[in-house]
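Q: The residues making up each chain are set out below.
Protein chains: 2
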Amino acid sequence: MPACSSGVKLANMRRGAAQQEVDRTRPSLTAIQGLVHDVLDSVLAHMGAVLEADVPFINEVSFHLQRMRGKLFRPALLALANRTEERPDDREVALGAVIEIIHMATLVHDDSIDRSSMRRGRPTLNSRWGHKVSVIMGDYLYSRAMTEITRIGDLELIELAARVTNDLTIGEMVEIAHHGQLVEDPRQYFFLIEKKTASLISTACEMGAVIGAREQREPLKEYGRRLGMAFQLIDDLMDYGGEQAVMGKPVGTDLREGQVTFPLLAVLPHLSPAERRCVNAVFDPQEQATSDDIQRIVDVVRERGGIEATRRVAREYADRAREALVGLPSTPAREVMDAAVDYVLARDR
Amino acid sequence: MPACSSGVKLANMRRGAAQQEVDRTRPSLTAIQGLVHDVLDSVLAHMGAVLEADVPFINEVSFHLQRMRGKLFRPALLALANRTEERPDDREVALGAVIEIIHMATLVHDDSIDRSSMRRGRPTLNSRWGHKVSVIMGDYLYSRAMTEITRIGDLELIELAARVTNDLTIGEMVEIAHHGQLVEDPRQYFFLIEKKTASLISTACEMGAVIGAREQREPLKEYGRRLGMAFQLIDDLMDYGGEQAVMGKPVGTDLREGQVTFPLLAVLPHLSPAERRCVNAVFDPQEQATSDDIQRIVDVVRERGGIEATRRVAREYADRAREALVGLPSTPAREVMDAAVDYVLARDR
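The listed protein sequences correspond, in order, to chains A and B.
To convert, count from 1 in the first sequence and add 523; that's this note's numbering.
To convert, count from 1 in the second sequence and add 523; that's this note's numbering.
Chain A extracted, bound-state conformation (with noise of 0.2 Å):
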């Protein structure tokens, strides 16, 4: 499994004077944006070019879609893999947008089947036009993502695009395939994070070298992958409330929906009897989880460290994200992809 020959290792992980530095910083994601702010800015209006179809009610549904702008940190991590030898090529915009689009449909066809009511603050598609909508719509974002890469016209583009679409669906099917199972092997775990997270965000990093920086192209690849497992980790970890827990912000809903992340993972060797059984017991195809039984392991990860294990992989991760830096031009580009490391780790603070 891929992940799993990537060595990270749980313990001997030590914290630079330097990276607390970083860390209180706290980087914005504008600041991340800053560089290729005008690029950004053009991969929206892209994007609702190549989504406009001559079927109004289809407009309708992309026009919402539109609305619930997300970060956009795919495409903003295309444009700055894309200028790490300063020559930008201009594909950038077109490739942004059909990154952007296929990460939209993820999310489309995620809050289908979760049946997930709202997204970025808005309604989901199936919250507000049903089911059937939220399916086709997502097809429709996916061909068209790929109607406009085969425009773009370079083969090797067109088999980044198709198969992290592959491997997006595949890391899906393996969520899936897991839930409400106690997969205690974290092989398992970064297998389908790699798929279902870091294979996008490495993908975008990669065609920003094919159009900018070919001789950049496995680094930034790389620089991608771990910066996306740091990233989920991190998204995970927040699931279970992070660094300092907010008092009445939801957590354990991958619990709740029968998924074991890695705060889990961490702690799972570690528990006591009584502990386990509380674990097992959620898990328990014949009982009925309740709030306080999902709180109750939500409390037992959080005093046994799985926070704190689960940001030590993912630093290691950030850590190997810039180490495949190391070798690139010192550019503007390089400086800011550094700071999105910082970013990633930050994001539940």
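Any given hint could be a false lead.
[Claimed, not checked] Simulated DEER-style distance windows between Cβ atoms:
no., chain 1, residue 1, chain 2, residue 2, range
1, A, F580, B, P796, 48 to 58 Å
2, A, D564, B, G571, 43 to 53 Å
3, A, H587, B, P792, 12 to 22 Å
4, B, G571, A, A572, 31 to 41 Å
5, A, S795, B, G571, 47 to 57 Å
6, B, T776, A, S795, 22 to 32 Å
Think of the hints as simulated: they come from the structure by calculation, not from any bench.
For each residue, glycine too, the CB sits at the ideal point set by N, CA and C.
Let chain A serve as the given structure and place chain B on it in line with the hints.
A: Positioned in the frame of chain A, the structure of chain B alone reads:
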């Protein structure tokens, strides 16, 4: 709208003696597949290889799908088109698999959004594994089709696959948009069936032409489009019981699902005020249509000649499909494609 410009006229269709002769023979699909039987076996085997994943659960679901062996009508047409110049290209196997996997993906998502429980005598993915699996497995199929055609590496073919996948979703979105509405303009209906059905049959033929008979690309594409229109018209006619309504066979399914198809459209202008009120009532969102209401509309459509009118239009498309073959070299493949027209027309007999 593309379908409107095709000059279909409801009246003035005459049926020649030769045509009747052919209808009586009821051409079987087996006869049509005969010439390309080996190719279709290879297509099936190739589909299995393409869909194989490192994830056991994906293989389990995909194996279930593959046992729902379809008619492979589209790969058969692709292989026939590939033989119109008698120098077939062996990419037909991979392309046939791509086309059939795309078709399979549409069926999986169709069953998911319609919550159908059976397909080809086996439980659908949604009834066997639930909603999540059906949505994501459909995505997996679409994306595997794209990675496979990217592997073949011909931009023209990739473009065709991407475009048709998008067309299929546009057709589905139009169908959803019309759901429960009495859309009376036949142009809307023709636009819909062109996107959701004719597009894939046409693309199968066009792909066969691109690899094996490039000079015949336009006529073969047109042949496929017209054949596809006839195919869907006959499908819609079967939902009203076909030429001779079979006792006990379910009818009015489309109507029950709020879809207006050609048999109803054809008779709408000729209804008595009382009949029209019945139709309006079925599409009244305030009312719940009963089985009797649906049966009443089916009876009205049959009494008012909706079956014959639909068959006339289907036959006109069929004749025009045959016309598209006229300039092609006289080969066994062309003969079989001619017989495929009869097969499509005779599907409800």
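Q: Taking the hints in turn, state whether each one holds.
A: Status of the hints after comparison with the structure:
1. F580(A) <-> P796(B): 48 to 58 Å: The hinted range 48 to 58 Å is violated for F580(A) and P796(B), with Cβ atoms some 31 Å apart.
2. D564(A) <-> G571(B): 43 to 53 Å: Holds: the Cβ-Cβ distance is about 46 Å, inside 43 to 53 Å.
3. H587(A) <-> P792(B): 12 to 22 Å: violated, 36 Å
4. G571(B) <-> A572(A): 31 to 41 Å: At roughly 39 Å between Cβ atoms, A572(A) and G571(B) fall inside 31 to 41 Å, so the hint holds.
5. S795(A) <-> G571(B): 47 to 57 Å: This hint holds: roughly 48 Å between Cβ atoms.
6. T776(B) <-> S795(A): 22 to 32 Å: At 58 Å between Cβs, range violated.
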